[in-house]
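Use these hints to put chain G onto chain B, whose structure you have.
Residues per chain, in single letters:
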Amino acid sequence: MELWTVFDRTDVAKAKLNDYRPIIIETGVLSATNGSARVRLASTDLLIGVKAELAVIDNMSAYKNCINFYVDCSANATPLFEGKGGQEFGEEIASALYAAYDNSFAISDLSKLIVSSMHAWKLYVDIVVLQCGGNVIDAAGLGCNYYFFMFNIVSKPKSIFQVKAALFDTQICEVITRPDDEGKITVDLPEDIVLWKLDVSRAPLFVGVNKLGSANVVDLSLQEQACCRAALWIAVSPMISLEEQASSEDGDYRILFIRQCGGGSLQSDTLADIVSFGIQIGMRLQHLLARYLLVSMEDF
Amino acid sequence: MKTGVLETQEGSSFVELGTTRVTAIVDGPKQAIKNVDVHSLEGTVRVIVNNGSGIDHLLQSAMRSLICLNQFPKAQIDIEITVLEDDGGVLAASLMAASLALCHSGIPTLDICLAAHVAITTDDYIIVDPFKKDMTSNDCLSVTVGIMPSLNQVICYQQSGISSREQLSKAFSTALTAAFHLYKIFCDALRVSQQT
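From first to last, the protein sequence lines are chains B and G.
Residue numbering for the first sequence follows my numbering, beginning at 1 and increasing consecutively.
Residue numbering for the second sequence follows my numbering, beginning at 1001 and increasing consecutively.
One chain only, chain B, in its complex shape:
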């Protein structure tokens, strides 16, 4: 029972180790982006914007980095992020997100982003940390353990950038008819505008599991985080479609990323327990997020 005195929960008697604090997700909060979302996890606040740019690629076969991540740890979140203080932390989160998305499984429509042999869409994902959760006691380690990521390219129908993504597939015919133009290809915008969305049914969700004594804990506040050392970030991705995710929590999954951080060590036996614990929580989060996405898609 001494374990409960550590937790900073409003209702301590009913709190569980695998419970999350309330999560609020808004989409379409920034009108100037191709897609945007705001995620609030109790007192942790994140603002995410996605921009799509048409880039000229010299070597298409070696083309990588079609999704770029940047995390801006704003000094508004915590005084420890003042100046360059949050830069290392932001790079750590960005590299984790990049490693989780850098495969053909997470976003299956990545080949759609290649418009021609010279042009391809490049997605820039910017994340701003507006607030680090809880009392700012010692946020030097990890301020934000959970990163909910959601592509919602179509947030405003009058946005002009995503129009090109869908329409430049039809421009390939014109490319063939002009082979003698010094080997270069020009891109035009047709008059009829059609929008399209990326398939986000297999985008991963991150779960941060921490070891506190002999217990596995998710969703730590800052006070609880000061008592933990070892943490494991797990990115879980379901293999089923969005409708099937919304109907049930169970389903086949793939693990896209795992990283140990925080400066503590873990027994090799308990590592497998933590991984299975994180997968179970991750699939439940995918289930809840899929239900929300379907509801918001109907509203749109």
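No lab work stands behind these hints: they were computed from the structure.
This structure is a prediction, so every number in the text was calculated from the model and none was measured.
Here are a few chain G residues that sit away from chain B, every Cβ distance over 10 Å (derived from the structure):
1) Lys1030
2) Pro1073
3) Lys1074
4) Asp1087
5) Gly1106
6) Thr1121
7) Val1128
8) Asp1129
9) Tyr1183
With the Cβ distance kept under 8 Å, some of the chain B side facing chain G (calculated, not the full set):
10) Asn103
11) Phe105
12) Ile255
13) Gln260
14) Cys261
15) Gly262
16) Gly263
17) Gly264
18) Gln267
19) Ala272
Quick look at which bits of chain G chain B covers, simulated, 3 or more residues with Cβ under 8 Å:
20) 1143–1156
21) 1160–1168
Backbone N, C-alpha and C fix where the C-beta goes; we use that ideal spot for every residue, glycine too.
Chain G alone, transformed into the frame defined by chain B:
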């Protein structure tokens, strides 16, 4: 593995895994440069990686659990890793190079650090310490494990690529076994440095 590769530096090491070559230099313990308002009862570890991308956070997290930081209040230990050649498994080589350099400099650590890199290709073959050309795409599973062998604890764990649960546990146990095999080589490198 070799220690004392730089004569002017008291903690330095060189690790070669096939054609992957990494050197490590330990500087410290010394007075902390960064002006921290909070009085820290433990020392801090700073890791600088040259020619490597994205592994300094993992190394810093691993070294924080490896070094007895409570013996160095208000002090700072700098570890500089230089990747001379990269043919896969840079994180594993860097972990062992840093641990070897710490032992050579005489900084007390809980244990040594052994690391292994294991990949599972898309056609379900397990490769221990794969070359860079074996990693044909980003989709194949790649697991790097850093352990403290006597304490049987994992201090660094990173997995990327698409994997199922069974593949992950298989790769993890294979990486643990491969890391334990390096124990003798590590201790021999330390004994050679003691004799000179």
